[in-house]
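If you read the sequences in order, they're chains A and B. So the first sequence is numbered by UniProt numbering: it starts at 1 and just counts up by one. So the second sequence is numbered by UniProt numbering: it starts at 1 and just counts up by one.
What the hints contain is simulated information worked out from the structure, not anything from laboratory work. Where a beta carbon is used, it is the ideal one built from N, C-alpha and C, also for glycine. A few of these clues could be false.
As the list claims (entries may be wrong) - Calculated lysine to any residue pairs in the SDA-like style (CA-CA distance at most 25 Å, straight line): (1) B:Lys337 to B:Ala25; (2) B:Lys330 to B:Glu346; (3) A:Lys330 to B:Ala25; (4) B:Lys337 to A:Lys330; (5) A:Lys330 to B:Val52; (6) B:Lys330 to A:Asp280; (7) B:Lys330 to A:Leu279; (8) B:Lys330 to A:Pro282; (9) B:Lys330 to A:Thr46; (10) B:Lys330 to A:Val51; (11) A:Lys330 to B:Leu279.
What the hints assert, rightly or not - Reference excerpt, derived from the structure (chain B facing chain A, CB under 8 Å, subset only): (12) Ala3; (13) Gln4; (14) Leu9; (15) Val27; (16) Val106; (17) Pro282; (18) Leu283; (19) Arg289; (20) Leu309; (21) Tyr313; (22) Pro314; (23) Pro321; (24) His326; (25) Gly329; (26) Leu332.
Protein chains: 2
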Amino acid sequence: MMAQPAIALGVPLRLLAEAEGVSAAQVIPDQLVGDYRDLATLTRVTEGCAVVTFDHEHVPTEHLHALEDAGVAVRPGPEALVHAQDKIVMREAMARLGAPQPRWAVVASAADVAEFGFPCVLKVSRGGYDGRGVWVVREPADAEEPLAAAERSGVRLLAEELVDFRRELSALVARSPSGQAAAYPVVATTQLDGICHEVIAPAPGLDPDLAGQAQQLALGVAGELGVTGMLAVELFEVDVDGTPGILVNELAMRPHNTGHWSQDGAITSQFENHLRAVLDLPLGSPAPRARWTVMVNILGSAREDVGHLYDGYPHALARDPRLRVHLYGKELRPGRKVGHVNAYGEELDEVLERARHAAGWFRGDLGDESE
Amino acid sequence: MMAQPAIALGVPLRLLAEAEGVSAAQVIPDQLVGDYRDLATLTRVTEGCAVVTFDHEHVPTEHLHALEDAGVAVRPGPEALVHAQDKIVMREAMARLGAPQPRWAVVASAADVAEFGFPCVLKVSRGGYDGRGVWVVREPADAEEPLAAAERSGVRLLAEELVDFRRELSALVARSPSGQAAAYPVVATTQLDGICHEVIAPAPGLDPDLAGQAQQLALGVAGELGVTGMLAVELFEVDVDGTPGILVNELAMRPHNTGHWSQDGAITSQFENHLRAVLDLPLGSPAPRARWTVMVNILGSAREDVGHLYDGYPHALARDPRLRVHLYGKELRPGRKVGHVNAYGEELDEVLERARHAAGWFRGDLGDESE
Numbered sequence: 001m002m003a004q005p006a007i008a009l010g011v012p013l014r015l016l017a018e019a020e021g022v023s024a025a026q027v028i029p030d031q032l033v034g035d036y037r038d039l040a041t042l043t044r045v046t047e048g049c050a051v052v053t054f055d056h057e058h059v060p061t062e063h064l065h066a067l068e069d070a071g072v073a074v075r076p077g078p079e080a081l082v083h084a085q086d087k088i089v090m091r092e093a094m095a096r097l098g099a100p101q102p103r104w105a106v107v108a109s110a111a112d113v114a115e116f117g118f119p120c121v122l123k124v125s126r127g128g129y130d131g132r133g134v135w136v137v138r139e140p141a142d143a144e145e146p147l148a149a150a151e152r153s154g155v156r157l158l159a160e161e162l163v164d165f166r167r168e169l170s171a172l173v174a175r176s177p178s179g180q181a182a183a184y185p186v187v188a189t190t191q192l193d194g195i196c197h198e199v200i201a202p203a204p205g206l207d208p209d210l211a212g213q214a215q216q217l218a219l220g221v222a223g224e225l226g227v228t229g230m231l232a233v234e235l236f237e238v239d240v241d242g243t244p245g246i247l248v249n250e251l252a253m254r255p256h257n258t259g260h261w262s263q264d265g266a267i268t269s270q271f272e273n274h275l276r277a278v279l280d281l282p283l284g285s286p287a288p289r290a291r292w293t294v295m296v297n298i299l300g301s302a303r304e305d306v307g308h309l310y311d312g313y314p315h316a317l318a319r320d321p322r323l324r325v326h327l328y329g330k331e332l333r334p335g336r337k338v339g340h341v342n343a344y345g346e347e348l349d350e351v352l353e354r355a356r357h358a359a360g361w362f363r364g365d366l367g368d369e370s371e
Numbered sequence: 001m002m003a004q005p006a007i008a009l010g011v012p013l014r015l016l017a018e019a020e021g022v023s024a025a026q027v028i029p030d031q032l033v034g035d036y037r038d039l040a041t042l043t044r045v046t047e048g049c050a051v052v053t054f055d056h057e058h059v060p061t062e063h064l065h066a067l068e069d070a071g072v073a074v075r076p077g078p079e080a081l082v083h084a085q086d087k088i089v090m091r092e093a094m095a096r097l098g099a100p101q102p103r104w105a106v107v108a109s110a111a112d113v114a115e116f117g118f119p120c121v122l123k124v125s126r127g128g129y130d131g132r133g134v135w136v137v138r139e140p141a142d143a144e145e146p147l148a149a150a151e152r153s154g155v156r157l158l159a160e161e162l163v164d165f166r167r168e169l170s171a172l173v174a175r176s177p178s179g180q181a182a183a184y185p186v187v188a189t190t191q192l193d194g195i196c197h198e199v200i201a202p203a204p205g206l207d208p209d210l211a212g213q214a215q216q217l218a219l220g221v222a223g224e225l226g227v228t229g230m231l232a233v234e235l236f237e238v239d240v241d242g243t244p245g246i247l248v249n250e251l252a253m254r255p256h257n258t259g260h261w262s263q264d265g266a267i268t269s270q271f272e273n274h275l276r277a278v279l280d281l282p283l284g285s286p287a288p289r290a291r292w293t294v295m296v297n298i299l300g301s302a303r304e305d306v307g308h309l310y311d312g313y314p315h316a317l318a319r320d321p322r323l324r325v326h327l328y329g330k331e332l333r334p335g336r337k338v339g340h341v342n343a344y345g346e347e348l349d350e351v352l353e354r355a356r357h358a359a360g361w362f363r364g365d366l367g368d369e370s371e
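This is chain A alone, in the form it adopts within the complex (with noise of 0.2 Å):
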């Protein structure tokens, strides 16, 4: 999605692609297939380039530091990106910055979850994704699979409080080496068995006190850990005691799931202000166009009568001629997100049923009851 606006801008792309005809190898035309965890490829892959920049977080850190060591310009930079490697990293990271988080702990056995206490929320320091690398633990019998888990993949576990969170929100940044910074308004989120399912731009009923401290909170951490690109804060939404709070979840550092919306919501995208950013030209406007906009993501169904999403836009594009679709190019394998819809409009209810009825049909979620 990031080729969309490096079109629009005559910045040229060049890819490094884990397999022939993957979604980003069908629109950049020029293209290495190779692994991104080895340090020649990579090598290879960044020579001539103006700056390095990623659209996953798993490129190893020392190759990154090895990039930057040989001149190349690696944004957001190795320093930053372990942030959104490495959930211990990240969790030491908060509490240096006094940054509101759930309670958590290194753990590395057994009797180190016991003492944490149950219920807990157990995670993989690194490599987790979508929901994966993350077991709710309610008891010691639970534990022994992500112990197992860690110990067999070299990574450390980590334990965090079992927040009993009102809703989850995101807030949004992007920041140039220059240090100029712009903030999305920060938004809701919706997941489902982990993946990010829906997001509502702006939070309905956020209390603008609690959406100016999630800003500050995200441009206070791309500014103190030096990101560059787009900063993705992911926070619970929690009430203490009767008054609303906020507690950092996730870091991720490149355009996210959770700023899809901004594609036709925004004055500019996510996508477009991470390519400004780690170009370090002025950021375009992160300011919303409508009242609401809300996203839906496209999952790959588990019914094999769903055979290609282009089978879903007679219906969806009729029904709804100002719909946005968003499709990866991806094969449908169930649970995959494959896609996107955004819609927008003045009236939250009505953009949420367009936007839940599109998504839902690509889906093939709406079966016979559907208009």
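Based on these hints, arrange chain B on the given structure of chain A.
For chain B alone, kept in the frame of chain A given last:
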């Protein structure tokens, strides 16, 4: 620019590029470099394509017929497209449809031109573009060059009345093979040296009845000629005894410069609706998203100190965080269209100033007086 909505829609594009590295070739991986006047090349590049469409009108009509005969879905089809390729065929069709147009005649000699009367405009029936192949003829001697040019290139010559117009308008519609159509707001366009320079959407102060007439005219032409994809009907707004009227100037059957505002100013851009139309998908809403949208073209400058368009970014983007920039990845040549900017907002004067300033800055026209 069709590549951007193709990415969102998940529609794979295959490109026939006239040369390596041209704009479209920079952003569409599946490409063949070849001559669009060569039928074997056309046959090869269209093999396996669901639909064939165009971003210019210069593919020979007989080749398009040959592709259609071979079972290729050519949209717009050659029967329609010829009206955008041959100005005499277009004038004959407009006469048949009863569309208002300037007085015209086919001319083959100095005597024909004299009989038509001075002043007049002479145009080659085929192959003209951006002011090339068009001559204002005020006296017999002025006709010598166009008559010679037409004979040299083996095309017919058309004489048209020199219209004393108030301004130029453009009515854009999308039409699908199923017959669904969508009409964009009628826009006002300003030409400089025969090249579209500035577009205001919607046309300021345009009589609503006349706007309706222009949209109806464009919809009627699209339907009668069987156009699929975008149709631009370029119009003169004239004053007939104090009453405003319209006359058809030119037709284009593709996303058109007078529709570039729709990328940022309409719910669905002309590029997306062109794709949807040729694929016979339901069309997206052509409604405007802002009260006013202004597009100004960026032309290559003759100034040698304007090195690279990219150099214009730091000022242009910092001055106006709401500005939308579209560059084409073309080398700078004096007078060449190399990009455009869109600005939108509530106050026309402010929007005009923003767009003109930015385009002027990229062109290097502002010199030292710029802020």
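Results for each hint:
1. Straight-line distance between C-alpha atoms of Lys337 (chain B) and Ala25 (chain B) comes to about 17 Å, which keeps the hinted pair within the 25 Å bound.
2. In summary, the hint linking Lys330 (chain B) to Glu346 (chain B) is not supported, as the alpha carbons are separated by about 32 Å, beyond the 25 Å threshold.
3. Between Lys330 (chain A) and Ala25 (chain B) the alpha-carbon distance is near 23 Å, which keeps this suggested pair within the 25 Å criterion.
4. Only pairs whose Cα atoms come within 25 Å are accepted, and Lys337 (chain B) paired with Lys330 (chain A) is rejected, the gap being roughly 36 Å.
5. For a cut-off of 25 Å, the pair hint linking Lys330 (chain A) to Val52 (chain B) stands: about 23 Å separates their Cα positions.
6. At most 25 Å may separate the alpha-carbon atoms for a hinted pair to count; Lys330 (chain B) and Asp280 (chain A) meet this at roughly 22 Å.
7. Between Lys330 (chain B) and Leu279 (chain A) the CA atoms are separated by roughly 20 Å; this keeps the pair inside 25 Å, and the hint holds.
8. As the CA atoms of Lys330 (chain B) and Pro282 (chain A) are separated by approximately 22 Å, the hinted pair is consistent with the 25 Å bound.
9. In summary, the hint linking Lys330 (chain B) to Thr46 (chain A) is supported, as the alpha carbons are separated by about 24 Å, within the 25 Å threshold.
10. A distance of roughly 21 Å separates the Cα atoms of Lys330 (chain B) and Val51 (chain A); the hinted pair therefore holds under the 25 Å criterion.
11. The suggested pairing of Lys330 (chain A) with Leu279 (chain B) holds, with an alpha-carbon distance near 20 Å, which does not exceed 25 Å.
12. Annotation: interface hint on Ala3 (chain B) holds; nearest CB of chain A at approximately 6 Å, less than 8 Å.
13. Hint status for Gln4 (chain B) relative to chain A: holds, with the closest Cβ pair at about 5 Å, below 8 Å.
14. The beta carbon of Leu9 (chain B) comes within 6 Å of a beta carbon in chain A, closer than 8 Å, and the hint placing it at the interface holds.
15. Nearest Cβ of chain A to the Cβ of Val27 (chain B): about 5 Å, under the 8 Å cut. The hint holds.
16. Interface restraint check for Val106 (chain B): the shortest CB-CB distance to chain A comes to about 42 Å, outside 8 Å, so the restraint is violated.
17. Against a cut-off of 8 Å between C-beta atoms, the interface hint on Pro282 (chain B) holds, since the closest Cβ of chain A lies about 4 Å away.
18. Of the supplied interface hints, the one on Leu283 (chain B) holds, with its beta-carbon coming within about 7 Å of a beta-carbon of chain A, less than 8 Å.
19. Using the Cβ-Cβ criterion of 8 Å, the hint placing Arg289 (chain B) at the interface with chain A is satisfied: the shortest such distance is roughly 7 Å.
20. The closest approach between the C-beta of Leu309 (chain B) and any C-beta of chain A is roughly 7 Å, which is under the 8 Å cut-off, so the hint is satisfied.
21. At about 5 Å, the closest approach between the beta carbon of Tyr313 (chain B) and any beta carbon in chain A falls short of 8 Å, and the interface hint on this residue holds.
22. Below 8 Å, beta-carbon pairs count as interface contacts, and Pro314 (chain B) has one with chain A at about 6 Å; its hint therefore holds.
23. Among the interface hints, the one on Pro321 (chain B) holds; its C-beta lies about 4 Å from the nearest C-beta in chain A, closer than the 8 Å criterion.
24. A cut of 8 Å between beta carbons decides the hint on His326 (chain B): the least distance to chain A is about 5 Å, and the hint holds.
25. For Gly329 (chain B), the suggested interface contact is upheld, since its CB lies about 5 Å from the closest CB of chain A, less than 8 Å.
26. Of the supplied interface hints, the one on Leu332 (chain B) is violated, with its beta-carbon coming no nearer than about 12 Å to a beta-carbon of chain A, more than 8 Å.
In this structure, the earlier hints numbered 2, 4, 16, 26 are contradicted, and the remaining ones agree with it.
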